[in-house]
Amino acid sequence: MTSGLQILILGLALGGVYALMAIGLSLTYGVMRILNLAHAAFMVLGAYLAYWALQILHIDPLVSILINGPLFFILGIVLYRILFVPLAGRSRYTEATLLLSFGLALGIEGIMGAMWTGIYRLANPSYATRSLVFGSFYIPEGQMYATAASLGILIALWGFLQKTRLGRAIRATMQNRTAAQIVGVHVERISALAFGLGMASAGVSGSLLSFLFPFFPGKHWQWISILLSLVVLGGMGSLIGTVVGALMLAVASVYVSSALGPTWSPATFYAALFLVLMIRPQGLFGKREV
Amino acid sequence: MTLLDQIRIATPHRLETRSLILLSLALVLFLLPLLQVVSDGYNYVLHVLMVIFMYIAMASGWNIIGGYAGYTSLGHPVFFALGAYFSGVLLVYRGWSPFWTAPIAGLVATLFGFAFGLVALRTRGPAFVISTIALLLLAQLILDNWEWVGGSNGLSLPMIGWPYRFYKIPFYYGMLLTALLAIWVSYRIRHSKLGLFLRAIAMDETKAEVAGIDTRMCKVIAFAISAFFAGVCGALWGYQQTYLRPTIFLTIGAAADLVLINLVGGRGTVAGPVLGAALRVGLDELVVNQVGSTELNITVTGLLMVLIVLFFPGGIVGALRERRHLPRLLDWD
Amino acid sequence: AGATATPTAAPSAPMPAAPTPTAPSATPTTPPRPIRIGLSVPLTGDLAIAGTKHRDGYQLCVDLINQKGGLLGRPVELLVEDNRSDNEVTVSQYERFINVEKVDLLLGTFSSRLNFAASAVAEKAGYVYPIPSGGALRIWERGFKYIFYFQQNAVEYIGSAPLRALMAYRDKGIIPADDFPKTAAVVHADEFYGNAIATGLLGGKVQIPGTDKVIDLAPGFLAQAGIQVVFTQKWPEGFTDWLTLANAIKASNPDLVMAASGSPDDIIQLVRALKTVGANPKMIYTAQGTQVEFKEALGDAVNGIIIHASWHPLAPYVGLLAGEPFSNQDFIQAFKAKYGREPDEDEAIPFAVCQGLEQAVRAVGSTDNKAIRDWLASRTKDNPVKTIMGDFYWDERGLPIGRDYLVTQWQNGELKFVYPIGEFEGVVDLLWPRPRW
Amino acid sequence: MLILEIEEVSAGYGMGPDILSRVSVRFEAGLIHCLIGPNGAGKSTLLRVIAGLLRPRSGRVLLEGKVISGLRPDQILAHGICLVPQDRSLFPDMTVRENLLMGGYIERDQRQVSRRMEEVLEIFPEVRRHLNHRAGTLSGGEQQMVAIARGLMVHPRVMMLDEPSLGLAPLVVDRIFEAISRLKTMGITVLIVEQNVRKGLAYADRGYVLDMGRLSFEGPAREVMEDPRLQELYLGRMVLSNREVQG
Amino acid sequence: MALLEVRDLTKDFGGLRAVNRCSFTVEQGSITALIGPNGAGKTTVFNLITGLLRPTSGRIYFQGQDITAMPPHRIARMGISRTFQITRELAELTVLENVVVHAARDGLTGLIRGSILQHEAERAMALLEFVGLAAMAREKAGKLSYGQKKLMELAGALMAEPRLIMLDEPAAGVNPALLEEIMERILQLNRSGMTFLIIEHNMDVVMSLSHQVVVMAHGEVLCQGAPEAVRQDPRVLDAYLGAA
Ligand SMILES: Nc1ncnc2c1ncn2[C@@H]1O[C@H](COP(=O)(O)OP(=O)(O)OP(=O)(O)O)[C@@H](O)[C@H]1O
Ligand SMILES: Nc1ncnc2c1ncn2[C@@H]1O[C@H](COP(=O)(O)OP(=O)(O)OP(=O)(O)O)[C@@H](O)[C@H]1O
Ligand SMILES: [Mg+2]
Ligand SMILES: [Mg+2]
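Residue numbers (the numbering used here), protein chains in the order written: chain A, 1 to 290; chain B, 291 to 623; chain C, 624 to 1060; chain D, 1061 to 1307; chain E, 1308 to 1551.
Incorrect hints may have been included.
What the hints assert, rightly or not - Derived Cβ-Cβ restraints for the label pairs, each shown as a range:
{"hint": "1", "chain 1": "E", "residue 1": "R1542", "chain 2": "D", "residue 2": "R1189", "range": "18 to 28 Å"}
{"hint": "2", "chain 1": "E", "residue 1": "G1449", "chain 2": "A", "residue 2": "S3", "range": "54 to 64 Å"}
{"hint": "3", "chain 1": "A", "residue 1": "F134", "chain 2": "C", "residue 2": "I797", "range": "33 to 43 Å"}
Hint data in this document are derived by calculation from the structure and do not stem from the laboratory. In this text, all values refer to a predicted model and were calculated from it rather than measured experimentally. In this text, a Cβ means the ideal position worked out from N, Cα and C, and glycines have one as well.
Please build the complete structure, drawing on both the sequences and the hints.
Structure follows, in structure tokens:
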């Protein structure tokens, strides 16, 4: 039988990947109340770029993080300017962004399909199927790198938001746009910056996705559902909550999966979600709205 | 008609032109199947209209909780599936026709909606949305593993015994009646106190509560009513598909469809879901049949949505009303 | 090649000139009304990959027929619509073909799921519905009269093929008798295809819903082969924690891993996870994975994996097209000429379906679906439909009689044909055991 | 010397009617100006136009002769015009300290910011014990104090306060007006909107009466206070403490 | 018997005790003013009475009945209505609808009966007329100015025809002329038997309206009594009014 510790390792490794994928989603919601349904679509786009970078230019996916990050950051800023700025001040803003990004997701999916067909891809760097072995335990290398990247990015982000003037401005803009304007924040620039950050994280996740899970244009729907659940479980908009939620859920589902069988692993997911929502409707780390 | 009009106009004209036009439209729809009786070749038309009716019924129902009360439910496919399986199982094991078990299926969905609502409607906002997603996926898991109803392999139903030429007609009428009922109920609620309370809940639930509204009951009732229509539609649809399978019904995509129809047509308005449903199905058929099939279809759909959001917030009905161009014919609020 | 624009009388057609409703070739100003065939395929959505390939296979066949002068002196027109992998859309599109377009013939779509509902529409309307893919027994046990299957057998029986292959190699001495697998792990996706294969392997019962019919597959092919099942598990759609599953498989330490899923990316994830956790069974069988992309995603890990197949490029079958012999190799050449790439099974099978339908129409001399159905249903071993996949004749359910799946194995990055042994040129010996990773 | 000129400004929301119609007002540097008028007169709207939160439909706003209408709010703040809005507009999920820090957002010198924070906390000592509480949990009056304190974190050239006394205890109201007087001594031009007419005009140099989107009259504060038009139109009798009403 | 009795009410927020063993009564037919420095806990007391917050300890009785653990809507239906200090309008609803919403006392049967009654709409219109918002009845409530929102809330509270009306700073931001009318209206309603509990910082209003004043500071009741007496109380002068 597999030991509990090994299962824990596998769960944490999976959770780390989830966390990175979900952070951007959480950030854009937390900061701008944008529920970006296209987040996973951009992730898949990032995965394609990383995949082709490896196939054609022989750039390792871990290296292409450095390309994808800035690239998607800029893409995010441009998109924000074009699409989301006109929505500012709408009465049902989050809903509008949800719909808009739904359309965006479809658009990207279609373009990816037209360019790269619906065939699934998976980059195959040597470490993707390697493990580090410690006695009877092993840690899958790919997941380990992903988790490390995820934690690093999270800490950087958290520090940026909590401790810097710009980060504070981002949070202020999220809470009260008019008030932010009043104290002199160029809210459009700040929002674009935050959106860009969220997108950059999608690009980076894409690089990791490219060698961890097979992908094709339509795959993003599956990812976005998983990510959304994580974000809600942790508490919408709470970065720490997102990470803790991701780790907890991944570990729990891995345990259930090995105890009761994979069929029931998504069930843990939803059962946990249900439970949390009943006890703490605002999520684990969310703040309650009165 | 706003509250104010109720004060100003002593008695609303019973048979104004608008009602006349709408009534004659309904009449035309009722007589349409005659075409298929007179000459073959309209089954496709009937089929498309039937699908439109189905979406009208479900979207109008959804609008009661999702539009008026502002509680976005992604769990409605569960009621759809519940209806389908309820009637389907009765058909397979008992031979009872879904045409008369459909309303019962609707009631079963209502009951279930009521029970689920009691629990889930304690949460608000995104938490509620996700709890409905959880419901959806849990339901899928249960059906997938419940062998008696076919498990993940599904349950196939006997086909309706009518000759091919006419076999769409009963489904057509079933869906038409359901859709009309849904519109009527939606209209009544919009103009009742319940409607006002639901809209108050959508804006500020605490305030509504302090104003003396039993917000929980209102929400649960609205949720239960909206489940009814999904249940009836499921029963009929399952029968005409002859095949029930969890993954056909219980997808986020199907749930998102209802949201989109409402958003495009105009969430929280009576006419919105009707327009949205007609457009959704109509455009879909048009694009698939006329433009041909490329990956770019998806892109076009996506772009269209982006444009609607950017330039028609509040959906079609909302945008027209904002610009004061909403024809009286469509102003059912 | 023939001029496609002027369909003169079908050259060297073995059938007598067909009575066509429109005026024949004499008046070039009014070309004969084309024979229109309706096809709804998933070009987008989760079934898009195979769906697109099906379209390509069908289209090649139709093009070739037209090049050879058409069918019954009429050009053939293939109406293709994208059903987005959606049941509802599929049904509505076939409705539309039948009612609005009033097409002459229908071609079946991809996957059991879509065919299940679509076949009911065709059956109801009295249209012949040849099915390229969709072998679950429950499709065939409904008592339908107009459906015909163009692969080897119902999916439930697929699992017997790799086991027969292994036993054949034991008999041949390539697998030492004491090395023959004693234990197996069976894992599969919880969906139509995966469940059906597992049912055959493990020996379950298939209940045909809506009827009292139960088909008992006990004791299962593994038990028949004397292999003990030490681990069995299914995974739901959208499953992601493959390492855990691989871990559990490793813990049960089977000689043979058999994995079934309709989606190749499931299989890819599983194989990669097996490699990552260092599980090293003697042999791996997967129910998907003949595609080039499969190899690309797995790299060297692909070597040694065995996969059943309906079609293989080296199989020297000779079918008929436009009344002329048309071999598997002809097909591959024509395919390469048109698309510039090697065909695979998802392109070959629909081609064979189209061949079968064409032969029936030619034989009957009209597009009367009832007559075509009767003709197809009355095929026999000696008088079969001849396709690039071999000969077809069907039992009363519409399932082919007397056909066996092929078995292939990835060896040094190439997909080799390993079973049936000695059946054709190009069958190589099985690599046993598979190389360790 | 004139500092701020409103020239023929018309403004409204969305596609609605004009809320301000061709309003012209001039404000002098270094004085306290008090805007009064009935509810819905357009007082807040005027401040919003000046702060750049609402674009005028026609007309211009000039700061020392330079047109500032059409600039973004943050640019206008950078020009030295600061607004404390009527709805407080705090950042509810940030702590009071962070709210105050945000008040000094345009100030890049952090030492300067901490010094100002000490200054404003002296004006509002009751805020100090809430420094680490979320602003959204404060009482109405405390929030108002934080809003004003946040506004005082910059030393602008023009300070606009929309009903600063709103919801504040009498003791605190006095303190706020003291603070406003102090702003004046620092050379800051002040623009306040008040419903507490007597208090507002008592501290102000000039008074302006806005009604139905138009300036109905203006003048030195004392004169405005005694103007019979104001008594009739707007104040009623109540302010003259009529104990007999109680009966 | 007092209409409302608050007994030893205590409310903690984390480590912060916002209301501390607070007791007072509101007599049937009276106007009671609740005053005190900012942050004294007045609004919190309102929230406790109306059921929006659960007290840490203590009881609340209305007409002799314990309403401490009741949900807000049931408390409202027993005849308590209130306004909010920081207005909470239903922004997308019209002004008229915002007022009609308060006619929610008839419970489930009222819902099933269905349409909004003409007399309710008319009464709402009359109330809007009174607060000077009739012209804006059709507008969305989100469009109102600050003061207008306060007035709309007042109209809503009156709409419910409650036994006890609790107003949280009704005078703040309201222009003086209108304020006077409102005060007269309050007195008139009071004469017809309605009871008021009012939080207010405007001492003119407090002095001219109230029969009884309850002064809170730091969550505790500092003193209570007749307006004049309270006004002279040195503790009140010190903590709240300032040495005038
Ligand atoms: N966001 C808005 N959208 C539409 N109309 C608005 C908006 N804000 C204010 N108005 C309208 O503009 C008019 C003037 O509002 P404004 O807030 O300037 O009044 P005010 O003089 O400040 O009143 P108060 O003393 O009540 O604060 C009001 O009639 C109001 O209905
Ligand atoms: N939800 C909450 N969480 C934490 N603290 C709170 C909360 N609500 C109120 N408080 C605290 O309780 C104290 C009393 O607040 P309350 O709103 O009752 O004061 P108030 O007497 O109404 O003051 P004001 O006159 O300024 O409106 C305040 O210090 C406030 O910070
Ligand atoms: Mg104002
Ligand atoms: Mg208060």
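Results of checking the hints against the structure:
{"no.": "1", "hint": "E:R1542 - D:R1189: 18 to 28 Å", "verdict": "21 Å, holds"}
{"no.": "2", "hint": "E:G1449 - A:S3: 54 to 64 Å", "verdict": "60 Å, holds"}
{"no.": "3", "hint": "A:F134 - C:I797: 33 to 43 Å", "verdict": "38 Å, holds"}
Violation of the numbered hints given earlier is absent; every hint is satisfied by the structure.
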